[in-house]
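Chains A and B, in that order, are what the protein sequence lines are. Just so you know, we're using our numbering here: the first sequence kicks off at 1 and counts up by one. Just so you know, we're using our numbering here: the second sequence kicks off at 1 and counts up by one.
The hints are simulated quantities; they were obtained by calculation from the structure and are not laboratory data. Be aware that one or more of the hints could be misleading.
Stated by the list, open to error - Stretch by stretch, here's where chain A covers chain B in the computed footprint (C-beta under 8 Å, at least three residues):
1) 37-46
2) 103-111
Claimed, not checked - Listing some non-contacts, in silico: residues in chain B with all C-beta distances to chain A over 10 Å:
3) S67
4) L81
5) A145
6) A150
7) E226
8) E253
Computed from a predicted structure; not experimentally measured. We put the beta carbon where it would ideally sit given N, CA and C, even for glycine.
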Amino acid sequence: MSGIQRRTIKTPLSFQAIVGHALPWVVPIALLVLWQCASSHGMLPSRFLPAPKAVVSSFIELSRSGELWTHVRVSTMRALSGFAVGGGLGLVLGLLTGSFRWAETLLDTTLQMIRNIPALALIPLVILWFGIDETAKLFLVSLGVFFPVYINTFHGIQSVDRGLLEMGRTYGLSRWALYREIILPGALPSILVGVRFSLGFMWVMLIVAETISARSGIGYMTMNAREFMQTDVMVVGILLYALLGKVADLLSKGLERYWLRWHPAYQAAR
Amino acid sequence: MSTVFASREGLTQEELTRQMLAEGRQYSRGVAVSMRDVSIALGGRTVLENFNVEIAAGEFVAIVGRSGCGKSTLLRSIVGLETPQAGTITLGTTAQGKPDVRIMFQDSRLLPWKRVLQNVTLGLEPSFIPHAKKVLAQIGLDDRADDWPAILSGGQRQRVALARALVHDPSLLLLDEPLGALDALTRIEMQELIESVWWNQGFTAVLVTHDVAEAITLADRVILIEGGRVALDELIHLPRPRARGSSRFAALEDRILERVLQRRSIQMNEHKTHAANEDIDAH
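For reference, chain A alone in the conformation it holds in the complex (with noise of 0.2 Å):
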């Protein structure tokens, strides 16, 4: 489990600890020193990787013209909208099929048929369906969410522990007391991991739904980039890709954290 804290004793810093804090960031400084080095001796045209002070000026360029935002603010709006059809999609499924047997005798066999289908591999389909438009970016999407969520949501109310439902049945809750007290909370942990997986999906298929064609967004602003040979922005670009996949990421721990606050795995810090 990713959310178990390592305990760190808070002692005065002393040299040591200092040491053990630098350290992890010494390999990413020096390659970022190496590259600015080489990138203005000429040892690294700028067409091939622009120096990582033109990507910094670029930014701040980009940012300040607010071009930046308005496409940033495309794509998470993209993003978050795939995400809220295929994951809520997902979510009621696996709430179905894992709570009526005949919803999973119904609905399951197709879908797992359809899942082992690599979304990526539909993009020709997709483009003949629903052309270059914002319509086959938000199927990507939602097609990519849709299962890890589906299937951690299956699998957590199945694995719900039996002991507690029976304990529930005798203490007279009604079904939907039952879902709510007991289904539901023992289904989280496992719905959470297929949020947390499905947000890494969302932005791969987001980048590519947006390198295939589109007229705003971060992947318009890369490949507008690439035909002007603007190494500098592609960088921007990319670097801006994988800042919201990290905060995405920190946003669905935190729900963890928050949801999960009961669990032994989130009480390591107390």
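Based on these hints, arrange chain B on the given structure of chain A.
Frame of chain A, contents of chain B only:
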């Protein structure tokens, strides 16, 4: 503990029983349990066959037997978790009508995502919170009301499970080896707690246990189940609180244990039974 029973020391068994019954009638919410010709099969295997037992209102009955003898199934059928293929299980009624039956399992079955107090008030209106707090105080866990179950010890979890059952003011409390997983010291504490709660509240209690000594410590009556039937039904005439060290206790424990283990040296067994009875009569 001793304060609970202080007024009863020095009474004879007869007087004690009469006093208990009299008091029991005053505030007892216990109900009688009657099982007639009950047969239960699980997965094609007959667990109980034509099983008959009558449990009086307010009585504390312990059911012992080897693993797989059907004692847990018996308990689960009373609360409706197993349905008998044949026979009837009847519970008495209380002034409120349908009796409130609660069961405690070997594992506490607390909801890990609910804090202690929310676990105790499971399925109840928020208006029960003050009562739940009172019950938690009664079992000595009022300071843990806002803790997650995950950070409690095994004994504390079982106490919370007991509180969860007691909040409902049950007329019948079924205990399915609730102390089986606890260490020896915690067990003794829990036994004392269960006995005092039962004594003060007057519900009917049915305890399933592997531990013959535990059965004798707590129960008015020990029933041994063997081959799906009652093999032994023994009234325990020992004044409460029961001292485990006493010779009468030891003799009883010996006798029931022998029977559970089915040491077939019948003559010796009978000899021992007589000795035990004489021992009791002598007191």
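- Structure versus earlier hints, numbers of those that do not hold, lowest first: 1, 4 and 6
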